[in-house]
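Number of protein chains: 2
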Amino acid sequence: MGELLLIGMGLHDENGLTLRGLNAARDCDALYAELHTSIMPGLSVARLERLLRKEIKILTRKDLEEGAERTILSKAKEARVALLTPGDPMSATTHLGLLLSAKKLGIPTVLIHSTSIITAAAGVTGLELYKFGRTVTIPSPRTNPAPESVYEFIKDNRRIGLHTLALLDIDDGQFTIPEAIRVLFRLEDTKRDGIITDDTLVVALARVEAPDCIVRADKAGNLLKSNFGEPPWSIILPSKLHFMEAEALQLLAGAPRAVLEVRG
Amino acid sequence: MGELLLIGMGLHDENGLTLRGLNAARDCDALYAELHTSIMPGLSVARLERLLRKEIKILTRKDLEEGAERTILSKAKEARVALLTPGDPMSATTHLGLLLSAKKLGIPTVLIHSTSIITAAAGVTGLELYKFGRTVTIPSPRTNPAPESVYEFIKDNRRIGLHTLALLDIDDGQFTIPEAIRVLFRLEDTKRDGIITDDTLVVALARVEAPDCIVRADKAGNLLKSNFGEPPWSIILPSKLHFMEAEALQLLAGAPRAVLEVRG
Chain A
158 MGELLLIGMG LHDENGLTLR GLNAARDCDA LYAELHTSIM PGLSVARLER
208 LLRKEIKILT RKDLEEGAER TILSKAKEAR VALLTPGDPM SATTHLGLLL
258 SAKKLGIPTV LIHSTSIITA AAGVTGLELY KFGRTVTIPS PRTNPAPESV
308 YEFIKDNRRI GLHTLALLDI DDGQFTIPEA IRVLFRLEDT KRDGIITDDT
358 LVVALARVEA PDCIVRADKA GNLLKSNFGE PPWSIILPSK LHFMEAEALQ
408 LLAGAPRAVL EVRG
Chain B
158 MGELLLIGMG LHDENGLTLR GLNAARDCDA LYAELHTSIM PGLSVARLER
208 LLRKEIKILT RKDLEEGAER TILSKAKEAR VALLTPGDPM SATTHLGLLL
258 SAKKLGIPTV LIHSTSIITA AAGVTGLELY KFGRTVTIPS PRTNPAPESV
308 YEFIKDNRRI GLHTLALLDI DDGQFTIPEA IRVLFRLEDT KRDGIITDDT
358 LVVALARVEA PDCIVRADKA GNLLKSNFGE PPWSIILPSK LHFMEAEALQ
408 LLAGAPRAVL EVRG
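So the sequence lines, in the order shown, correspond to chains A and B.
The opening position of the first sequence corresponds to residue 158 in our numbering, with each subsequent residue numbered one higher.
The opening position of the second sequence corresponds to residue 158 in our numbering, with each subsequent residue numbered one higher.
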């Protein structure tokens with residue numbers, strides 16, 4: 158009797174696995190991993206294999222989206238099989254497709270969660286988790302022209318007092334925070350609703366949960382000139398701040414007081 | 158030289174700790190835990206102490222909110238001290254207060270994340286994480302009259318096509334899913350914006366990440382008559398569904414097809 162487990166590896170490296178994930182993975186007959194839905198800068202597949210005491214086959218996007226029946230699902234009909242994923246496993250739509258395909262084939266499924274950037278990003282900045290609206294992804298101009306919807310979603314969130322977490326398109330780690338801010342500036346040039354200008358407070362995040370994690374709140378114009386090291390990157394576009402959030406951005410993200418005062 | 162670590166224990170039991178959290182906690186000189194910001198039904202403090210090889214002092218809400226300077230912070234000035242918390246540590250505002258107090262005292266701080274119900278709830282239902290708006294908490298009538306803001310937040314989310322995760326007030330594990338739905342019904346009686354009726358699709362969640370986790374999508378009227386076992390509980394009020402989300406609710410949450418068709 159087979160089984161399919163989706164196990165989240167959390168952020169940064171193999172230490173983002175939970176004990177539940179570790180124990181379940183060690184009990185599996187076969188292990189697969191996908192490393193394309195997010196970047197885990199500290200992850201070593203060799204170390205992960207030693208930790209889990211088993212060989213791990215890395216699946217590409219195509220393996221999972223088009224070839225899942227032939228690879229992981231055919232194996233999961235007869236054996237206990239896990240797919241290890243970055244973050245919390247269901248954050249990527251492609252994994253929902255796999256889970257539903259397994260269900261339709263009558264394969265029992267188990268989900269084992271872990272840390273997601275969605276809550277960790279709020280945590281490292283001190284911004285109130287319950288004041289975040291819809292999360293958006295800013296597409297790289299090399300893979301996708303910036304859809305106006307990204308701008309509209311940030312506007313919708315801000316209109317009702319909510320912060321926006323904007324993940325950056327992966328684009329092989331080439332789409333940087335300054336480039337993402339420029340994408341938003343270009344949308345502002347077209348839409349002109351005052352969502353982002355040089356003086357707008359933006360929080361830049363790099364490598365959350367890594368020892369060299371960067372969390373920096375500043376004017377968008379200042380962040381444009383900065384280098385945040387290696388990916389993964391994301392930014393937060395805060396809405397109106399509670400005084401404790403403003404204090405947190407000063408103490409945890411080095412926000413200059415003047416930037417916060419601009420937002421009142 | 159002291160240090161304060163906030164370490165998330167994730168969901169359900171001590172196996173929700175990440176390997177990073179486990180290793181960091183074992184390296185601490187003193188361990189504290191708070192167990193009041195969420196319910197972890199499978200957690201045994203004795204097992205956790207064996208796992209972390211150290212005694213753990215449980216702090217009450219009052220210890221943390223009024224007495225932190227005298228307890229955990231005075232210790233963290235000189236020693237490596239961790240506070241273990243349910244979920245992802247910064248989901249509770251009280252922990253931000255502690256972190257900022259530590260910063261102001263010059264104590265170095267470290268955050269170690271884990272699973273949060275915010276992303277896990279989306280995961281177990283198959284609802285698209287990027288289609289969730291602001292998360293709300295439904296207060297128990299025994300601790301707090303239901304503020305109209307809860308209703309307004311759900312309405313705001315739905316107006317822009319977003320699902321709402323509604324956590325249930327803890328209230329010593331006495332505030333059940335049927336009671337929470339009745340709170341929303343009473344708000345509907347007053348506000349009359351058609352946000353929730355007997356026929357509205359609601360997803361009930363109990364004990365996410367536990368072996369006996371319940372995920373059930375049905376009409377609000379049907380959920381009113383159900384018993385979901387022990388806490389923690391939450392509900393999701395979905396907005397318009399993508400066809401894959403509708404399929405997920407059938408396969409993962411047993412949604413009757415008729416309920417989904419009602420929502421078009």
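Simulated from the structure, these hints should not be mistaken for laboratory data.
Just so you know, these numbers come straight off a predicted model, no measurement behind them.
Incorrect hints may have been included.
[To be verified] Stretch-level coverage of chain B by chain A, calculated; a stretch enters the list once three of its residues show a Cβ under 8 Å from a Cβ in chain A: (1) 185-191; (2) 343-352; (3) 384-397.
[Said to hold, decoys possible] When the alpha-carbon atoms are kept at most 25 Å apart in a straight line, the in silico SDA-like pairs for lysine to any residue are as follows: (4) B:K288 with B:E223; (5) B:K397 with A:K232; (6) A:K397 with B:K376; (7) B:K397 with A:T251; (8) A:K376 with B:K260; (9) A:K397 with B:V293; (10) A:K260 with B:V293; (11) B:K382 with B:G318; (12) B:K219 with B:K288; (13) A:K232 with B:L179; (14) B:K397 with A:D375; (15) B:K382 with B:M401; (16) B:K397 with B:N379; (17) B:K260 with B:E223; (18) B:K288 with B:I371; (19) A:K397 with B:R414.
Each residue gets a CB set at the ideal place from its N, CA and C atoms; glycine is no exception.
Checked hints:
1. 185-191: Since three or more residues must qualify, the claim that chain A covers the stretch 185-191 of chain B is violated, with 0 doing so at under 8 Å.
2. 343-352: Our answer is that it is violated, as 0 residues pass the Cβ test (under 8 Å) against chain A, missing three.
3. 384-397: Since 0 is below three, the answer is violated.
4. B:K288 with B:E223: violated, 38 Å
5. B:K397 with A:K232: violated, 35 Å
6. A:K397 with B:K376: Violated, because 36 Å separates the two Cα atoms, which is more than 25 Å.
7. B:K397 with A:T251: holds, 20 Å
8. A:K376 with B:K260: OK: K376 (chain A) and K260 (chain B) at ~23 Å, within 25 Å.
9. A:K397 with B:V293: holds, 18 Å
10. A:K260 with B:V293: With a Cα-Cα distance of about 31 Å, the restraint between K260 (chain A) and V293 (chain B) is violated, given a limit of 25 Å.
11. B:K382 with B:G318: violated, 28 Å
12. B:K219 with B:K288: violated, 36 Å
13. A:K232 with B:L179: violated, 32 Å
14. B:K397 with A:D375: violated, 36 Å
15. B:K382 with B:M401: violated, 28 Å
16. B:K397 with B:N379: Holds, at roughly 20 Å.
17. B:K260 with B:E223: holds, 17 Å
18. B:K288 with B:I371: With Cα atoms ~22 Å apart, K288 (chain B) and I371 (chain B) stay inside 25 Å; holds.
19. A:K397 with B:R414: violated, 41 Å
Of the numbered hints stated above, those contradicted by the structure are hints 1, 2, 3, 4, 5, 6, 10, 11, 12, 13, 14, 15, 19, listed in ascending order.
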